[in-house]
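Asks: Listed here are the chains, written in short residue letters.
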Amino acid sequence: MLGCLDTLKELTQYTAVSGREYEFAAVLKDKFSEICDSVEIDKFYNVIALKKGMGINGPRIMVLAHLDEIGFLVKSIDKNGFIKFTNVGGIDARILLSHEVIIHGKKDITGVIGAKPPHMLEADEKKKAVKIDELYIDTGMDAKELKKYVSIGDAITLKSHPFFLKDNKYSSKSVDNRCGVTVLIETANELKKLKHKPDVYFVATVQEELNLAGARITSFNIEPDIAIVVDACHGDVPGAPKEVVFPLGKGPAIGIGPILNRELTERMLDTAKENNIPHQVDVEPGSTGTDAWATQVSKYGIPTVLVSIPVRYMHTSIETVHANDIKYAGKLISRFIAERV
Amino acid sequence: MFDLVKKLTGIFGVSGNEEEIREVIKSEITGYVDDIYVDPIGNLIAVKKGTGKKIMLAAHMDEIGIMATFIDDDGFIRFSNVGWVSQYYALGQRVKFKNGAVGAVFYEEKLDEMKNLKLSKMYIDIGAKNREDAEKKVRIGDTACFVGDTVQEGDMIISKALDDRSGCAVLIKVLKEMPETENELYFVFTVQEELGLRGAKTSAYRIMPDMAIAVDVTDTGDTPECELMEVKCGGGPAIKIKDRSIMAHPDVKRLLEESARELGIPYQYEVLEKGGSDPGAIHLTGGGVPSGAISIPCRYIHSPVETVNINDLENAAKLLKKCIAAKM
Chain A
492 MLGCLDTLKE LTQYTAVSGR EYEFAAVLKD KFSEICDSVE IDKFYNVIAL KKGMGINGPR
552 IMVLAHLDEI GFLVKSIDKN GFIKFTNVGG IDARILLSHE VIIHGKKDIT GVIGAKPPHM
612 LEADEKKKAV KIDELYIDTG MDAKELKKYV SIGDAITLKS HPFFLKDNKY SSKSVDNRCG
672 VTVLIETANE LKKLKHKPDV YFVATVQEEL NLAGARITSF NIEPDIAIVV DACHGDVPGA
732 PKEVVFPLGK GPAIGIGPIL NRELTERMLD TAKENNIPHQ VDVEPGSTGT DAWATQVSKY
792 GIPTVLVSIP VRYMHTSIET VHANDIKYAG KLISRFIAER V
Chain B
291 MFDLVKKLTG IFGVSGNEEE IREVIKSEIT GYVDDIYVDP IGNLIAVKKG TGKKIMLAAH
351 MDEIGIMATF IDDDGFIRFS NVGWVSQYYA LGQRVKFKNG AVGAVFYEEK LDEMKNLKLS
411 KMYIDIGAKN REDAEKKVRI GDTACFVGDT VQEGDMIISK ALDDRSGCAV LIKVLKEMPE
471 TENELYFVFT VQEELGLRGA KTSAYRIMPD MAIAVDVTDT GDTPECELME VKCGGGPAIK
531 IKDRSIMAHP DVKRLLEESA RELGIPYQYE VLEKGGSDPG AIHLTGGGVP SGAISIPCRY
591 IHSPVETVNI NDLENAAKLL KKCIAAKM
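These protein sequence lines map, in sequence, to chains A and B. For the first sequence, the working numbering assigns the number 492 to the initial residue and increments by one for each residue that follows. For the second sequence, the working numbering assigns the number 291 to the initial residue and increments by one for each residue that follows.
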């Protein structure tokens with residue numbers, strides 16, 4: 492079981508804040524070239540790997556997972572060297588207090604997000620959630636030294652200390668959506684053992700956290716017959732409404748909703764049942780908050796299915812996932828491609 | 291540069307009514323390019339033919355304004371915004387309709403607190419005796435722009451509609467001083483940016499360029515007690531890092547940085563937390579167009595007293611001219 496977590500652990504070590512994905516894209520290109528027939532990086536740094544099928548003029552399937560992650564950009568450096576920053580993607584400012592960060596300037600620089608000591612908090616400050624524009628990063632350097640390495644617009648990521656939790660769980664930054672990228676790799680590996688007719692495009696997309704830019708661009712350019720989107724959904728946490736969270740380790744969640752193709756979704760569910768693959772059902776009445784929103788309406792429309800991996804503590808540095816869900820998702824999608832398309 | 295800016299800012303061109311400004315720009319650039327045409331949505335597209343890469347340059351020619359929605363029995367005109375209009379900026383200003391009719395913008399005086407001011411509590415007084423009299427000059431659906439003369443104080447230009455006639459001026463200057471290049475250049479004066487980047491979308495789809503660079507204004511952080519932003523008027527053209535519609539493409543950002551460095555002109559970086567711009571629409575067109583922007587630092591955006599530094603405009607033109615001649 493742990494094989495996929497090793498892959499995931501490796502992938503979470505890289506940085507790919509939305510819009511700054513070029514370095515990680517190159518890493519993924521190498522990874523995919525080991526298991527696919529050809530790989531290219533497009534001009535927006537989407538990674539597109541083709542695994543050819545046995546069919547001639549068979550259907551073309553795109554399996555996509557976004558490779559980017561949330562983060563920050565340097566907004567300002569004050570005269571004392573404190574850095575003000577802005578978010579890229581959705582972030583709850585409350586999780587940031589006293590966090591370690593890495594500023595990706597001319598070289599990587601570690602900093603801390605300062606927090607006012609409790610002794611100094613006014614009564615009303617204690618009641619209020621802190622806002623991102625009240626926070627600052629302290630690198631220890633003065634402004635003059637700092638500006639040698641850091642410019643306005645440089646990316647910042649939360650420093651993460653990845654670790655394995657009990658029962659095949661892994662916790663790190665950017666599990667959303669490196670777990671999805673890991674599913675792509677798992678699927679490609681599974682497909683090696685199976686015979687499949689369709690050509691399969693494994694696509695790791697950029698800028699999902701901003702505006703689904705990578706999915707829009709790649710689905711337009713590849714124009715597949717079917718899109719399978721792999722992304723994270725919310726893992727079960729105490730106090731959350733049951734209908735929007737999914738227990739970890741019980742298998743991937745198959746999306747059902749108006750923007751997802753009904754017939755293909757049924758086929759995906761049948762694949763899971765016939766192969767005894769644990770799975771859950773994720774009801775998505777709206778946009779799904781994933782690349783599926785973009786693929787569905789690309790060009791003339793692409794029938795889209797959504798397979799989600801439960802992840803706890805989304806958009807933090809301790810996003811937590813279970814190995815089974817990744818493993819089963821790989822089995823599910825590969826069998827769907829081999830048996831049902 | 292000032293004369294050109296003054297000429298452009300003085301022309302009417304509220305989003306959706308860009309006819310006059312389009313004609314003025316067209317006559318300004320005729321003879322300097324291989325082809326000029328207007329697309330179905332109203333964008334003005336000027337082409338310098340070439341065998342190299344297709345580069346699209348975009349500046350929007352529309353401006354914010356208001357639209358008459360209702361005329362009461364006494365001849366007072368109620369209105370709605372076209373693009374983002376602040377009720378506070380609008381208060382006490384003059385607006386001018388396309389036919390030249392000028393009105394005063396004021397508010398219902400029984401309004402208790404200024405913070406409750408809304409455009410719906412305001413009206414335009416064009417000096418009409420009654421509705422019939424008002425309708426001789428203004429019909430509902432008519433648009434009007436704000437009135438704000440164009441003046442130069444030191445290095446600063448103060449005017450209405452510097453957003454984005456200053457960008458149009460930069461494009462025109464570059465077009466007239468066309469650099470030697472194999473690249474095929476599309477100078478696009480877009481419509482309806484203020485309504486949601488509408489013109490950029492269709493023009494980019496038609497051209498499908500290899501790269502796009504927009505020239506538009508951006509906020510600054512150099513006025514008393516303003517929101518934090520590291521862009522200053524006079525600090526040089528700003529290279530866009532991001533706004534709410536785009537993370538500028540790294541290749542375009544790099545091209546702008548390297549060109550600015552080679553020229554030895556001052557430049558700065560723009561991280562804009564609110565507001566979108568034409569490259570946001572262009573970069574997601576078709577199979578994707580790497581896009582970025584040169585941003586003109588501008589104080590008091592969307593007011594009749596928008597303020598830019600003329601040196602930033604000159605340097606923006608130098609920078610753009612250098613970029614479009616780059617071998618790609």
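Read the hints as simulated data drawn from the structure, not as lab findings. Heads up, some of the hints might be wrong.
Lysine-lysine pairs mimicking DSS-like chemistry, simulated, CA-CA at most 25 Å apart [to be verified]:
1) A:657 - A:684
2) B:617 - A:790
3) A:575 - B:564
4) A:534 - B:617
5) B:296 - B:617
Bear in mind that the values here come from a model prediction, so they are computed numbers and not experimental data.
Asks: Check each numbered hint against the structure and report the violated ones by number, ascending.
Replies: 1, 2, 5
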